[in-house]
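A.B. asks: Listed in order, the protein sequences are those of chains A and B.
The opening position of the first sequence corresponds to residue -14 in this note's numbering, with each subsequent residue numbered one higher.
The opening position of the second sequence corresponds to residue 12 in this note's numbering, with each subsequent residue numbered one higher.
These are computed hints drawn from the structure, not numbers from a lab.
Bear in mind that the values here come from a model prediction, so they are computed numbers and not experimental data.
Incorrect hints may appear among the rest.
Stated by the list, open to error - Ranges of calculated distance between the beta carbons of each label pair, as one might list FRET restraints: (1) A:T188 / B:G79: 42 to 50 angstroms; (2) A:R14 / B:S45: 15 to 23 angstroms; (3) A:G114 / B:R90: 56 to 64 angstroms; (4) A:L84 / B:A78: 19 to 27 angstroms; (5) A:A67 / B:R63: 41 to 49 angstroms; (6) A:I72 / B:R93: 27 to 35 angstroms; (7) B:R63 / A:F143: 48 to 56 angstroms; (8) B:G77 / A:M61: 34 to 42 angstroms; (9) A:I72 / B:K105: 37 to 45 angstroms.
Unchecked claim - Far from chain A by the CB rule (all over 10 angstroms, computed), these chain B residues: (10) A78; (11) R93; (12) A94; (13) A95; (14) R98; (15) S112.
Even glycine gets a Cβ: it sits at the ideal position worked out from N, Cα and C.
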Amino acid sequence: MKDGADEETGMDLQQASAILQETRDRARRALVVRRPVLLAVWGAAWMVSDGVIWLSVRGQRPYNGPTPAALLTLTMVIAAAAVFAVIYVGRAGSGVGGLSVLQRRILLLSYLGGYVALFTLEAAIDHAGASRAVLGVYGAAAPILLVALIIAASAAVFLDWSLLGLGLWLLAVAAGSGFAGPVTVWAVSALAGGGALLVMAVTGLRWNRS
Amino acid sequence: MSIDGLDPVIHGPARLRIMVTLATLPEGDDLSFSRLQDLLSLTPGNLITHLRKLEDAGYVTTVKTGAGVTARTSVSLTRDGRAALARYTAVLRKLLDAAASPLPGSP
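Just chain A, same shape as in the assembly (with noise of 0.2 angstroms):
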């Protein structure tokens, strides 16, 4: 076709619904954020990050909280999955422009902002004598609580009740898996808050195939 030219209008009907559907495909493998994906990269971390943490302070009598080696594993692990979020997301989200965008910027403020007052707040709580075995509880459910309430006030924005069944489920993990003790509060977590985040994924990733 010449460039500026008008085209041809002698499209069939089965060519307009070839095309329609080819472009459809593609434009969603292209622009779409797939939540699926995100959910499954930031589950498995969270499992592998906090399962680590468990292994580390497993048999610890008293508590003493995690190894050097598992603290320094939990930051490579969450650090390789930001670095994947940020690359899927901003390959997707490449020449979008508009709501989603403040949408998805608000929402990482959100846990920016979040984190540093949890850390702030566990830095406190440590100032003010706290034991090791309540710091320990207080580290790996803390962030449960946040990441819980940030996905239930996110269903509000995206009219979703899965994510509302998500962050309600992660705040009850939040609140129960206290009393399961310093040490086994971080298997829980790993299995009940990354389990959960794999399990949502995967029956995202049916729901967009079927």
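Once you have looked at the hints, place chain B on chain A.
C.D. replies: Same frame as chain A, but now just chain B:
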């Protein structure tokens, strides 16, 4: 509407692809001209021509912001455009179904 009942503004390969690509984005989002061009593999002149037709029909809006190196042209589907594409898709499906079903009285 054309003879087939299909909206002639949309019923062309390039314009149909533009409409479908923009409709993938949620309402309130827009796409930069350069990304749209990349996705559709159209030349700038060709894309401008088709966007102008769609804009004249009230199906898309283009907004230019910034200047110089920060200049950005964004394209988005209007509410009328989204409705027109939904109508086009429904009519197309109906016509395909009618073409696929056997004529009354045929063996």
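A.B. asks: Look at each hint and say if it fits the structure.
C.D. replies: Evaluated hints:
1. A:T188 / B:G79: 42 to 50 angstroms: holds (48 angstroms)
2. A:R14 / B:S45: 15 to 23 angstroms: 19 angstroms Cβ-Cβ, so the 15 to 23 angstroms window holds.
3. A:G114 / B:R90: 56 to 64 angstroms: holds (60 angstroms)
4. A:L84 / B:A78: 19 to 27 angstroms: Hint holds: Cβ distance 25 angstroms, inside 19 to 27 angstroms.
5. A:A67 / B:R63: 41 to 49 angstroms: Given a distance of about 42 angstroms, which is inside 41 to 49 angstroms, the answer is holds.
6. A:I72 / B:R93: 27 to 35 angstroms: Since the Cβ atoms of I72 (chain A) and R93 (chain B) sit about 30 angstroms apart, the hinted range of 27 to 35 angstroms holds.
7. B:R63 / A:F143: 48 to 56 angstroms: About 34 angstroms separates the Cβ atoms of R63 (chain B) and F143 (chain A), which means 48 to 56 angstroms is violated.
8. B:G77 / A:M61: 34 to 42 angstroms: holds (39 angstroms)
9. A:I72 / B:K105: 37 to 45 angstroms: For I72 (chain A) and K105 (chain B) the Cβ distance comes to about 42 angstroms; the hint holds.
10. A78: holds (17 angstroms)
11. R93: The claim holds: R93 (chain B) sits with its nearest Cβ about 14 angstroms from chain A, beyond 10 angstroms.
12. A94: For A94 (chain B), whose nearest Cβ neighbour in chain A is about 16 angstroms away, the distance exceeds 10 angstroms, so it holds.
13. A95: holds (13 angstroms)
14. R98: holds (13 angstroms)
15. S112: Given that every Cβ of chain A is farther than 10 angstroms from that of S112 (chain B), nearest at about 14 angstroms, it holds.
The earlier numbered hint that this structure contradicts is number 7, and it is the only one.
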